[in-house]
Every structure is written in C-alpha cells, then in structure tokens.
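Participant: For reference, the chains in residue letters:
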Amino acid sequence: MVLRKTLEKSMENSNIAIQNNVTETFIEVDHYQLCKHNQHSPGDVFLSEKNPADGRTITTLSDGLGSGIKADVLATLTATMATKFIAADIPAKRTAEIIMNTLPVCKDRGISYATFTTVDIEPDATVHILEYDNPPYLLVRNNTSVEPVKEDTEFERKNKKTAPRVKTVLHYSNYEARPGDRLIFFSDGVSQSGMGTPLYPFGWGIENAYSFILDRIKANENISARELAHDVVQEANIHDSCVPKDDISCGVVYFRNPRDTLILTGPPFDQKNDAELAEIFKRFNGKKVIAGGTTANIMARELNAPITVCLDHLDANVPPYSKMEGADLVCEGILTLGVVSEILEQGVMPAKENAATRLVDVLRNSDRVYFVVGTKINEAHQDPKMPEGLEIRRNIVKKIVSLLQEKYLKEVHVSYI
Amino acid sequence: MEKITVTICTGTACFVMGASELMLLPEKIPADLKDKVDFSACMCMEECHVDSKKIPPFVKINGALMEKANVPDVIEKLYSLVGQER
Chain R
0 MVLRKTLEKS MENSNIAIQN NVTETFIEVD HYQLCKHNQH SPGDVFLSEK NPADGRTITT
60 LSDGLGSGIK ADVLATLTAT MATKFIAADI PAKRTAEIIM NTLPVCKDRG ISYATFTTVD
120 IEPDATVHIL EYDNPPYLLV RNNTSVEPVK EDTEFERKNK KTAPRVKTVL HYSNYEARPG
180 DRLIFFSDGV SQSGMGTPLY PFGWGIENAY SFILDRIKAN ENISARELAH DVVQEANIHD
240 SCVPKDDISC GVVYFRNPRD TLILTGPPFD QKNDAELAEI FKRFNGKKVI AGGTTANIMA
300 RELNAPITVC LDHLDANVPP YSKMEGADLV CEGILTLGVV SEILEQGVMP AKENAATRLV
360 DVLRNSDRVY FVVGTKINEA HQDPKMPEGL EIRRNIVKKI VSLLQEKYLK EVHVSYI
Chain E
0 MEKITVTICT GTACFVMGAS ELMLLPEKIP ADLKDKVDFS ACMCMEECHV DSKKIPPFVK
60 INGALMEKAN VPDVIEKLYS LVGQER
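If you read the protein sequences in the order shown, they are chains R and E. Taking numbering that gives the first Met the number 0, the leading residue of the first sequence gets 0, the next gets one more, and so forth. Taking numbering that gives the first Met the number 0, the leading residue of the second sequence gets 0, the next gets one more, and so forth.
Watch out, some of these pointers could steer you wrong.
Unchecked claim - Restraint-style ranges between C-beta atoms, simulated for each label pair:
| no. | chain 1 | residue 1 | chain 2 | residue 2 | range |
| --- | --- | --- | --- | --- | --- |
| 1 | E | V81 | R | R282 | 45 to 53 Å |
| 2 | E | K67 | R | K217 | 56 to 64 Å |
| 3 | R | Q270 | E | L64 | 20 to 28 Å |
Keep in mind the hints are simulated off the structure, nothing from the lab. Backbone N, C-alpha and C define an ideal beta-carbon position, used for all residues, glycine too.
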C-alpha cells in the first residue's frame, strides 16, 4: 500500500493524472548528427541541460569552422560558453560579445571560428533564442511555420584588426510556446547538403529543408523530436550520397504530451509486497518494462500471464528478451541494464538488435521514466565462484538514471520496494 | 514417440555460466536428433540459490533438471533418452 501511494504521489507531483485526462506539456529535446566523412570527431556540437533549480531548459548548437578535432574543440568551447552564460543570466548581448572576443577569426576567410544557436526555455514556456551565423531556426505551430520577429545587433570585435571582415550579426528572438509547438534548428551541413549535385547545385537550401520538415510533421502529427531530428539529418545525408561533405546536425525542441514508462527491476524485499507490485504494474498508464527473470516470474504468477522467451536475436553478451501480455518488454536484469548503461553513455546505438538495444529504444522514446527497484538480493550473484562485475542493481539503476536526466533530459523517478 | 522437451534457463547466473552457448543447441543438434526434440527457453528457473548448492547453467530435459549443463552433455542425454525409447 505504502509504495503505491508513494509512486502515485510522485506521479501527481509531476502532474500526471492516472486517468490520463490531464494535458501536461513536456519539453522533449533531442538531436541527431553525422560526422563529415572520414572524420572521427564531429565539428558540430550540441550541449543541452535542464536546470532543476530554476526549471529552465537550455540547448545550444555550435558549428566549428572546418571539421575534425579542431572544429570540435572550438565548437565545444563556444557551446559551453553560450549555455553557461545564458544559464547564469548574463544578458544575450554580453554573452555574444564575450564569445566573439574569445573566438579566433580565420585570417583567410574573415569569418569567426564557430557559430551558435542557443534556445533557452523558461518554466512558464517563454522561449528565448540567440543565433549567430547558423541557418535560421524554424518554428512550427499547428503544422504551419511561424515567422519569428528578430532583433538584430551588429557587432564589432574589441580587436578590430582581427575582426571578421563580413558583418557580425547576432539575432535575438523570443515567444510564448504553446503545447504542440516545435522548434527546429540545424547547422549548414543540412542546408548545404547536396551542393554541386545536379539536383541541388547550390545545396538543398534552407527553404527546401523547411518544406521537408513541414511534410514530415504533416505525415506524422506526433513525430517525436528524436525521430524528426534523425529524419532531417538522414535526408541531408542522402543528398550527399551518404558520404557527408560536412558535419550534418539537427536539433529539435518539441512541447509535447509526455510519454511515460514504468520499469520494474528486482523482486520486492518482502514477498508480501509481490501483489502490490503487480497492482502498480497493472494500473500504470504508459509503456511497461520488466527487467529481471525473478521479477518477471512474480508478475507472470500474480497477473496470470505466461512468459515466452524469444530466441530470434541471440547475443553472446545480452540474454534474450521475452514477451508477456501486458508488458511492452521483458528482459533479464543486471547484465542487460549494464549494457543499456554503456549504450546510453556512448550515445550510439549498436547495429545488432538485442534486449538492451530494445530497452534503450524504449527509454529514448520516453519522456518520464518511473523505476521501481526491488531490493531483495539474489544470493547467487554474491557467490564468489561467479565472475566479478555483476554490479549491484541499485548502482546500475543510479547510473542509468543520471544518464537519462543529464544527457537525455528525461524526467526520472525511482522508488524502492 | 513424443518429442523430448528441452528447456534452457536464460537467467542472469545461467547466462553468465554458459546458457549463451546452450541457446545455440537448436543449431548444434545432430541431424538425427533434430526432429525428436522441442527446444524452448525460460527466464529463470530459480534453481540458483546458494543454499540449493546446485550449479548453473540449468537445463530441464523432459522436466528433469540438469545442472552444470553444456552442449555435449545435453546431446549425450538426448541420445540416451532416444536409445531408451527404441
């Protein structure tokens, strides 16, 4: 009883009604990028953060001049400065001045060494956007593009000798976001894709990119930020015949209905709570995952739902996943969660599908994740004959939670039973 | 003659101690046994508690538990069962 009340309270606090008739908005921020062909480091850098103290979400895209490690370093420097200064409430103009005077300017081309677009979202849904030298962002509301009103400020570097020869302009805009709004921003690797090809001699172009985005949204009204960013980059990649001529990056901010996921892992410490765990599982509104053989057996018994192990994507490192009625995914516990943690950390999905990649997919396509961790210890895992490295469940869950919150900007709640 | 049922446990302890290879049994089984056996897997047979003193990986052949299971031992057991039937 106690745990269910605690879980329901935390769901209330994040404003979800179990009956699901409350429309609440979640800010889904995601991005996708491809490195320029033969480079090991992307010269475009994304930096996103959600500040729990003031409830702001800030995401920045910076495009470093050129490609490879040098561009990566410059873009990282720029993105970090932009994000941290905006988060510290340093005025936009001052932020831009500091960045502009810090960044070197290319002697030959007369342009600054890195661009940036910073999107700053306040808890009351006011959005501030600062752009410097990136293609302009697209704002989509109700399947149409909305023309933002921008304030332009021209800049001069302190040291005029090293100032860029072309005009340096900072664009500032703001607006009140509404549920359903999307903000899409990308580097010139997107708009200049296909340059020199018969189809797009001058590159795909910003307007064509905008049309593509609007078409994708029209075709799938609920397309996630993750999927849309991926589609834009892949389309640009196709224009470059899948050999990217530049780093291709796209970020999307989507004010959406949150997608909830429940993950049960570990049997309850006290067997008497098995029934309560099953109740939580049954009543949850959203995707449901069971990570753990013993946990799954308990659910199967309590809910009278048989488990079938699927032997179609066998993997040497990850036990097979299973199907159970009422669950979206059933898999083994600790080993699988360990691999999930690695994949989330690297940020790249391995080619071969297995239980871990499926779980990562569920997590990446969720907005709010609720972990219910059983604290009964499996003595077999403590047996000294077993190989080392079978991390305690709590630790691996903590690691996944922190990755989901800090790297993927998800909302995560953990309860123990 | 009814098919022999072979169930492989794919729980954490079993997987680490060798179930990942046992799962290849459907492919590794000799041709003359292939149509006599029904393979399936289960998530956790819960035989791995330290006080039970049984050693994973576990396989159940026609309901009988085999501990420290490996591919050659399972195939040998299957042959002996088929031999008994004749």
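Participant: If a hint holds in the structure, say so; if it doesn't, say that too.
Facilitator: So, going through the hints one by one against the coordinates:
A beta carbon spacing of about 49 Å between V81 (chain E) and R282 (chain R) agrees with the range 45 to 53 Å that was offered as a hint. Distance hint check: the CB atoms of K67 (chain E) and K217 (chain R) are about 60 Å apart, consistent with the given range 56 to 64 Å. In this structure, Q270 (chain R) and L64 (chain E) meet the distance hint of 20 to 28 Å, their C-beta atoms being roughly 23 Å apart.
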